[in-house]
Amino acid sequence: EAGVAQSPRYKIIEKRQSVAFWCNPISGHATLYWYQQILGQGPKLLIQFQNNGVVDDSQLPKDRFSAERLKGVDSTLKIQPAKLEDSAVYLCASSPPTGWGEQYFGPGTRLTVT
Amino acid sequence: GENVEQHPSTLSVQEGDSAVIKCTYSDSASNYFPWYKQELGKRPQLIIDIRSNVGEKKDQRIAVTLNKTAKHFSLHITETQPEDSAVYFCAASLPSNTGKLIFGQGTTLQVKP
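Top line first, the protein sequences correspond to chains A and B. Plus 388 on top of the position in the first sequence (first one is 1) and you've got this note's numbering. Plus 2 on top of the position in the second sequence (first one is 1) and you've got this note's numbering.
Careful: at least some of the hints might be erroneous.
[To be verified] Below, in silico cross-link-like pairs of lysine to aspartate or glutamate (EDC-like), each with a Cα-Cα straight-line distance of 16 Å or less: (1) A/K432 with B/D19; (2) A/K466 with A/D445; (3) B/K114 with B/D86; (4) B/K102 with A/D451; (5) B/K114 with B/D29; (6) A/K450 with A/D462; (7) B/K102 with A/E490; (8) A/K432 with B/D86; (9) B/K73 with B/D19; (10) A/K399 with A/E473; (11) A/K403 with A/D474; (12) B/K73 with B/D86; (13) B/K44 with B/D86; (14) B/K73 with B/D29; (15) B/K102 with A/D445.
These aren't lab readings, by the way, just hints derived from the structure by calculation.
So that you can see chain A by itself, here it is in the shape it has in the complex (with noise of 0.2 Å):
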């Protein structure tokens, strides 16, 4: 079974420049989830997805984040523009539509606000 694919690995832009940034969940898991991980903390979740609704957002700045998944499988977040806080690892997980909610997480992409 392949696992959740999450590109770019690695970028670097300048603050107040913008970033997108995208996820491929495991086939056949409905839930999709991105988190913000910042250095040294456990993950902290930025949105929920159950299909393609949003199911949770209460800790997204929405003011400079937003994401989509609109046919219900892929999606992407983006920030514009960015701020130094910003910089963190940036994951995406998946859950089955069965169970109690398992996730399974994808590598993550490192983001450098410089």
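Model the placement of chain B on the given structure of chain A, informed by the hints.
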């Protein structure tokens, strides 16, 4: 909302010794508690999980215990090996159809050969 506290933040053991990491949660309604292992620069990997209707679960050298009364759960690693060195995260989620996980702050485990 739910809050998860994890201790210790760092743990160093000799190869072959046991390691224990503890987490406490705030919302008594939480019913799912996974543990993730994250090696440097890699993705978090689910290593074991426990549901609230079970008190203990084992998988080879790792085990997790849950005390619902005290609202804490622990990860136990026996016969530690150098490849167990990593950051370990606990998490908790509430019984809803969202599956939202709240993570602890992480424990850096170092196993010395």
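Quick rundown of the hints versus the structure:
no.: 1; hint: A/K432 with B/D19; result: 32 Å, violated
no.: 2; hint: A/K466 with A/D445; result: 14 Å, holds
no.: 3; hint: B/K114 with B/D86; result: 10 Å, holds
no.: 4; hint: B/K102 with A/D451; result: 22 Å, violated
no.: 5; hint: B/K114 with B/D29; result: 36 Å, violated
no.: 6; hint: A/K450 with A/D462; result: 20 Å, violated
no.: 7; hint: B/K102 with A/E490; result: 10 Å, holds
no.: 8; hint: A/K432 with B/D86; result: 24 Å, violated
no.: 9; hint: B/K73 with B/D19; result: 26 Å, violated
no.: 10; hint: A/K399 with A/E473; result: 15 Å, holds
no.: 11; hint: A/K403 with A/D474; result: 9 Å, holds
no.: 12; hint: B/K73 with B/D86; result: 26 Å, violated
no.: 13; hint: B/K44 with B/D86; result: 14 Å, holds
no.: 14; hint: B/K73 with B/D29; result: 8 Å, holds
no.: 15; hint: B/K102 with A/D445; result: 11 Å, holds
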